[in-house]
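Residue numbers (this note's numbering), protein chains in the order written: chain C, 414 to 779; chain B, 414 to 779; chain A, 414 to 779; chain P, 414 to 779.
Note that these hints are calculated values from the structure, not bench results. Among the hints, erroneous ones may be present.
Identical copies carry no separate label here, and so any pair may be met within one copy or between two of them.
[Stated by the list, open to error] Taking lysine-lysine and the PhoX-like style, the derived pairs with C-alpha atoms no more than 25 Å apart in a straight line are:
| no. | residue 1 | residue 2 |
| --- | --- | --- |
| 1 | K611 | K668 |
| 2 | K576 | K668 |
| 3 | K488 | K611 |
| 4 | K668 | K556 |
| 5 | K488 | K576 |
| 6 | K611 | K576 |
| 7 | K556 | K488 |
| 8 | K611 | K577 |
| 9 | K556 | K577 |
Protein chains: 4
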Amino acid sequence: MAGNTFGQIFTVTTFGESHGAALGCVIDGCPPGMNLSEFDIQQDLDRRKPGTSRHVTQRREEDTVEILSGIFEGKTTGTPIGLLIRNTDQRSKDYGAIAQSFRPGHADYTYWHKYGIRDFRGGGRSSARETAARVAAGAIAKKWLREHYQTEIVAYITQIGEKKIPFENESFINNNPFFAANQSQIEELEQYMDSIRKACDSIGAKLHVTARNVPVGLGEPVFDRLDADIAHAMMSINAVKGVEIGAGFESICQKGSEHGDELTPEGFLSNNAGGILGGISSGQDIHINLAIKPTSSIATPRHSIDIHGQPVILATHGRHDPCVGLRAAPIAEAMLALVLIDHALRHRAQNADIQVNTPNIAHHNQ
Amino acid sequence: MAGNTFGQIFTVTTFGESHGAALGCVIDGCPPGMNLSEFDIQQDLDRRKPGTSRHVTQRREEDTVEILSGIFEGKTTGTPIGLLIRNTDQRSKDYGAIAQSFRPGHADYTYWHKYGIRDFRGGGRSSARETAARVAAGAIAKKWLREHYQTEIVAYITQIGEKKIPFENESFINNNPFFAANQSQIEELEQYMDSIRKACDSIGAKLHVTARNVPVGLGEPVFDRLDADIAHAMMSINAVKGVEIGAGFESICQKGSEHGDELTPEGFLSNNAGGILGGISSGQDIHINLAIKPTSSIATPRHSIDIHGQPVILATHGRHDPCVGLRAAPIAEAMLALVLIDHALRHRAQNADIQVNTPNIAHHNQ
Amino acid sequence: MAGNTFGQIFTVTTFGESHGAALGCVIDGCPPGMNLSEFDIQQDLDRRKPGTSRHVTQRREEDTVEILSGIFEGKTTGTPIGLLIRNTDQRSKDYGAIAQSFRPGHADYTYWHKYGIRDFRGGGRSSARETAARVAAGAIAKKWLREHYQTEIVAYITQIGEKKIPFENESFINNNPFFAANQSQIEELEQYMDSIRKACDSIGAKLHVTARNVPVGLGEPVFDRLDADIAHAMMSINAVKGVEIGAGFESICQKGSEHGDELTPEGFLSNNAGGILGGISSGQDIHINLAIKPTSSIATPRHSIDIHGQPVILATHGRHDPCVGLRAAPIAEAMLALVLIDHALRHRAQNADIQVNTPNIAHHNQ
Amino acid sequence: MAGNTFGQIFTVTTFGESHGAALGCVIDGCPPGMNLSEFDIQQDLDRRKPGTSRHVTQRREEDTVEILSGIFEGKTTGTPIGLLIRNTDQRSKDYGAIAQSFRPGHADYTYWHKYGIRDFRGGGRSSARETAARVAAGAIAKKWLREHYQTEIVAYITQIGEKKIPFENESFINNNPFFAANQSQIEELEQYMDSIRKACDSIGAKLHVTARNVPVGLGEPVFDRLDADIAHAMMSINAVKGVEIGAGFESICQKGSEHGDELTPEGFLSNNAGGILGGISSGQDIHINLAIKPTSSIATPRHSIDIHGQPVILATHGRHDPCVGLRAAPIAEAMLALVLIDHALRHRAQNADIQVNTPNIAHHNQ
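Extracted from the complex, chain C is given alone in its bound form (with noise of 0.2 Å):
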């Protein structure tokens, strides 16, 4: 495969560049007989789609998406379901300084020492425009997660710099531009976001994910167990650079007695696992930090070279967003439905006949 496949059951194969003609995906291995319309896809193509905000770019679009097929009379049929989404705002002049050019901390030295070309408007393929099929793909996911499991997937902001965000409740996440779990300290957020900017500067991130309501069992030792496939798919996302399980790097200074979770027949007693034991999820809730690099694009000049290796002088302009992790949890959320609906099929396929008397204690200190 040569990589924008991702899944072994319910897999996902996307196409389209930041500035093409449109962007889309592949869907092979859906269940068949699930309600599915435009508008379940929609919903979250519209968390994510761009210029909501002062605070992420202002570039319009609307991310329309089109079922192409794969539905018959409003059911899944089980068969590959394609999605489309035009772009409509391209605006491809913004590029043509830096065609002959590499920007720091972007992929356009690597693109072209790899493939000889490259496609360099918006920074083609390697824009995280090109999440917006994953969206579309994990809402998909999502759905048939919620209806079989109840599974809830909740992803949100829990620090820009060095701004760290207290959880106060998550009906707040969708009413701020910052996907943050908080009311009390948006203002301050969106001045210190507007000092960035201003700057002509971007700022990293740090982004939860969770997931409740998993189904005890799901995840294949040893290579494909689910923290490990959830690294994969987290640090597939733009721009992460950590990716933490649980306790993640606090389980460094941790002892054995104080790490591993003791059961008990009303539930565990704690959860540094993070919900996956032995590269299986346990039924406790899955809890993951990502770790999210401040946007390369800045109107700050830097120093790079050119295609002939010239010493160059660079500044981004254009449309960007200040801190790429702000857009980043409606993206985590689709990764991580990706992940679990595929080893919620594979699980069955080799399991389907399993039963077993022990109780799922997983209900306590999720």
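Since the structure of chain C is already known, use the hints to place chains B, A and P on it.
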């Protein structure tokens, strides 16, 4: 795939349980014509094997590898390489007590729910003993990478519990029981580990993994980015709870003007990217950090339940590593080698014809 | 994988139903830097499209292809190529009558049992209309093979029912409605096909597929032998019931002294192998024969059952090919091209460094 | 994948050369909880093993299988099953003469060009000896299919050279050296085979493979149709040159009114489809025919070249089957079992929830 195969072109399929007859693997896709003998593999196995100091498990396994196929007159033939490592020091009686119960922090509970059956002897398939097969396969990958690109892969422990271990020199790594690139603090670490062990407890660790002389162009966006596959590989190692690449979680507080590595004709001016841009290797050194949780098997009594859901108190005896991170260095090196060789081969599948005149600048600020 | 992706390095994922909004595919892994436009693809689509003579279905589809991604300034970029073909002449009312019944010889019964739902309009996903997407992808593969190896792939009908069609000249193939390499018997065939159609019946056919200038060394023993992947590809074409390579079923009566192709410095003395030895291309021409069953949709009333298991009498009206084999030539060419390009890329992944001094003798007795 | 793995959920990865240390395989994805011992596997290995009559190779191999992993207390655990078969009767000196030359009809020439190196002892990896590992894996698949669906898979020779072998009764198959479902003509066949052998020649054969009690719904259109995967599996067997399903090449002369199998509440009225409609099993018996070429290793001198391209005369001595088809029956059964179990598991991954009220009529005219 049920999850025991890694890679797409250079594939490794492992088998074996901690206390079964044998461990091993099949390596498919190894390029033909490379000199290879058991000796080449044994060296890395010896670095990983148990019983080498009082700080690791006292199980005595020689971990002697036999090449079953794929070599003819001392050279790889391009056909599958079968490797076999017999288990010799199983003491399954140590495990009778936990046959009906789930050890906290272990895979017992999840394997039971997933498969309806589990080999409880030493963790069966979920034991880190399985990684011997990975190390054997990784030794072959490392050799090929070294011969083709002079790629060097090195891992060392940088922290045990609260004890940070300053980098002094790579030459020290194999001269102490901690895989530490350090000489001055080894005695202190020995005392620290002794105290942990005497307290019937265990401790977490942090591991740094690096690769030098990585060719530019490896990685397959968008899902099979090099960093995504590295995250997958690393998180598939037992006990790993976090993965960072380059600046990792420090990226959260970085500004774009600080994070984005500037380019000059003489090289990159920094390496926050950790050697990977847009999911493709830049030729700079790859830098990875891993968080490794404390060993779950400790002699301190802990709460748990049995397979009927009844409460029990469990203390895990037998022979265990008090810091599972200590033996992770050769495993992490092996996994990184498996990722790199697979991407090197995938890259030339699609891009063998590519020639660019742009100089490769990745030789400063590694 | 749910089955709609073909290939491992050069992968094609198709989507779309006979009477849905559109057909299309995503091609991943195409080497970068190749000139490509819609025109290159349209030529093969025009050869396959319906309504071109009275001997094929009268459905009118222009089968106009749109490239959605993967091309920049007229060249492939190495990123996924999305292709879209809108359906324009759906007449779903033709199918109302069979919505509740299963047409003999069709996939209706099996899709219903497998998925619990089926798009009955024109066979939905099981329609040969899906092969338009394969032909589009195959056109890209053919172009690459031609430019790299001068590989030429040609298919032609050698038998319709009892009528054997002597090979006269390849130049005739695209000048008659039968894809026959024949000029002298076309009128006779036209009369024969008219009689079949007037009898409300259909007829089988035999197709020969050949490839010239195939490089030596393609194929991955043991399971992914070149012949095994060709058999897979060919049997995946609607209505194909048999595949032969080289001497095929004639091998049964051959002696070893007759079958085994002798080698001389001037070339092989025969080609019973059909260009493949031990699953690897020898450089000789590849020769394949396909058996294609008669179209199942006929206007003659036949026994069947409905979804409640009750007996019904069905005659299939609508617009159908009386000999589905007639339009299979471009499809078989496309599938062979997809196999060959995938193996060409796989081969160089593992074996790009291989050099042997032994001359390539595969140029006689093709 | 480099080609030595078969299947997607129930995967088999084989290794080993004809005259290497051992053959074997790793089976991943086997459902847990099935009783399994070496005895279950040995039975099929004994049917395939060499030296059982004067009509097959006189090499003496016990083909004793050892289970290395994946079984605990007599049951499969769902983790990888490692199988090992040591080679014991290698006579590599037989092959010194052909080390520098290419045997006509063999893989020598193509392996050499592909890999630049080849294990010439007994054909190395290209030898049919590799199929012992497939038979071992197939025995596990057959057992699971039998226990879950009462599926029975049977293969028998229907023709050797010009000698057609009438079907008399399946009970005869394992009672003669030809895997013939026949008793009355065995003596005649023995004489025929003796004459072939004495003439230092070999002969082709035709094999019929059938499966009964196949559940309806297996197969993944469009590329991974059940018939396509069967064709892949069968053509991957050494020496197979043709594959037919159902009416096969007879379909060419059939009319639609004759070929399409009518349905009634009491069952299908015929089985031209061979049990597969639209790439999905219908529940009818699966019928497959294979064309198997004559053994290429014959003692008659033949023209060839050496690795320098110089002409040589070669006669292949050593121990060979005069009709390689004779031992193909257990191999073909194994491959069909591997296809069916893989599709059974894939099917329930996507469609485990499907329930239709339509009766399954596939029980007449099998």
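Of the numbered hints stated previously, which ones are contradicted by the structure, given in increasing order?
-> Numbers 3, 4, 5, 9, in rising order.
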